[in-house]
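These protein sequences, in sequence, are chains H and C.
Residue numbering for the first sequence follows the numbering used here, starting at 95 and increasing by one per position.
Residue numbering for the second sequence follows the numbering used here, starting at 95 and increasing by one per position.
Simulated from the structure, these hints should not be mistaken for laboratory data.
Only true hints are included.
If several chains are the same, the list does not tell them apart, and a pair holds so long as it fits within one copy or across any two.
With a Cα cut of at most 20 Å, we get these calculated SDA-like pairs of lysine to any residue:
hint, residue 1, residue 2
1, K262, R200
2, K104, V239
3, K104, M235
4, K262, S201
5, K123, E215
6, K183, K226
7, K104, W282
8, K163, G237
9, K163, M235
10, K262, M112
11, K102, E194
12, K104, G263
13, K104, M270
14, K104, G237
Keep in mind the model is a prediction, meaning the values are calculated, not measured.
Number of protein chains: 2
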Amino acid sequence: MTPERFEKLKAILTSRQMDLTVVMENVHKPHNLAAVARSCDAVGVFETHAISEMQDVVLRPRAASGSRKWVGVRRHGSVDEAYGHLRSKGFRILCAHFDEEAVDFRSVDFTQPTALVVGAELEGITDEAVEKADGSIIVPMLGMVQSLNVSVATALILYEAQRQRQEKGMYDERSMDDETYRTLLFEWGYP
Amino acid sequence: MTPERFEKLKAILTSRQMDLTVVMENVHKPHNLAAVARSCDAVGVFETHAISEMQDVVLRPRAASGSRKWVGVRRHGSVDEAYGHLRSKGFRILCAHFDEEAVDFRSVDFTQPTALVVGAELEGITDEAVEKADGSIIVPMLGMVQSLNVSVATALILYEAQRQRQEKGMYDERSMDDETYRTLLFEWGYP
Ligand SMILES: C[S@@+](CC[C@H](N)C(=O)[O-])C[C@H]1O[C@@H](n2cnc3c(N)ncnc32)[C@H](O)[C@@H]1O
Ligand SMILES: C[S@@+](CC[C@H](N)C(=O)[O-])C[C@H]1O[C@@H](n2cnc3c(N)ncnc32)[C@H](O)[C@@H]1O
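Can you build the whole structure from these sequences, using the hints too?
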């Protein structure tokens, strides 16, 4: 490994945001999974979460640009399991979802620990996942179409978080613990 | 047609931004085309452009959420043809493309007439299209992956344009000419 590459890996691991994540509820289309993974990597998400009742679902997007390697996916069998895990880690849980109390994504404070739940193309997020979350967010739409592609909506919200976090200097100080940092530096550096 | 629907159509046509568009160069995957069309509709793009040397390419995305109907696609056989058309309408042409002089998308003034060129998954934008354009824009990426999905990058830039244009009140006054307005109101209202 060249010294330049080693410095690059250290910088990227340092900028990973341990308190920002995405939860995909029954999102199964490989091109959507791959697009979400790339956006997550780009804004410094450390790992994502998937809620799926299907046991053998292929959560491994077919590695468009190899993003699969850089952002892990943690699988949960139910909403309770996923939310329990996230709350134990201090996450506030917000659904990207149209409902009466949904807040414009640009007025949410994403410098707080945030898990963003997104839903499937046809069904959207389940009632259970909406009800058990802490709130809903929408991306405003000014046209005839009712919803954005899921990977598009996810990216728009993540990049708003990135903007706010950058402004606050949150990419400059490492939030990853020493052990994870050293392990990943080794794994990424010597594949 | 109910009075509510008539009012909705009028409001949407009024908010259409005649001087904001997207040019897809050799973007052919239906799921990407569909995702771009939905985002265009959502930020008020009136029509998009496609540059493609393939004669029979299916530019009609398989109408996810029926967006195809609300945002037209104008096909051009070459870069010169597309850029000539756009420049005759007063557009500045900017490529979403990584190059040394590329500017961060958040520091571009999108209240100016803007045509945003985006490229294909593997090849990106051709050298010809980059060289003949007025400049390049990037969405910053803080991870290991080299590029975002094309529909994601397009949406991030369009929503930055939407934010700036909304702030300036550009959605409140109709920029569409009377004839197009009346024609579309009729076509959309009585399909
Ligand atoms: C195609 S949409 C699902 C539409 C579904 N018919 C519904 O009514 O919920 C897929 C997912 O993308 C996200 N999404 C799409 N457009 C959105 C928007 N404008 N604001 C917030 N989330 C959005 C939501 O998480 C949604 O569950
Ligand atoms: C998957 S990318 C193409 C990558 C291609 N290998 C290249 O080097 O150009 C598809 C298109 O999405 C757009 N794009 C993707 N990520 C971008 C970013 N971070 N900034 C600007 N445009 C981007 C560009 O228009 C690009 O041509």
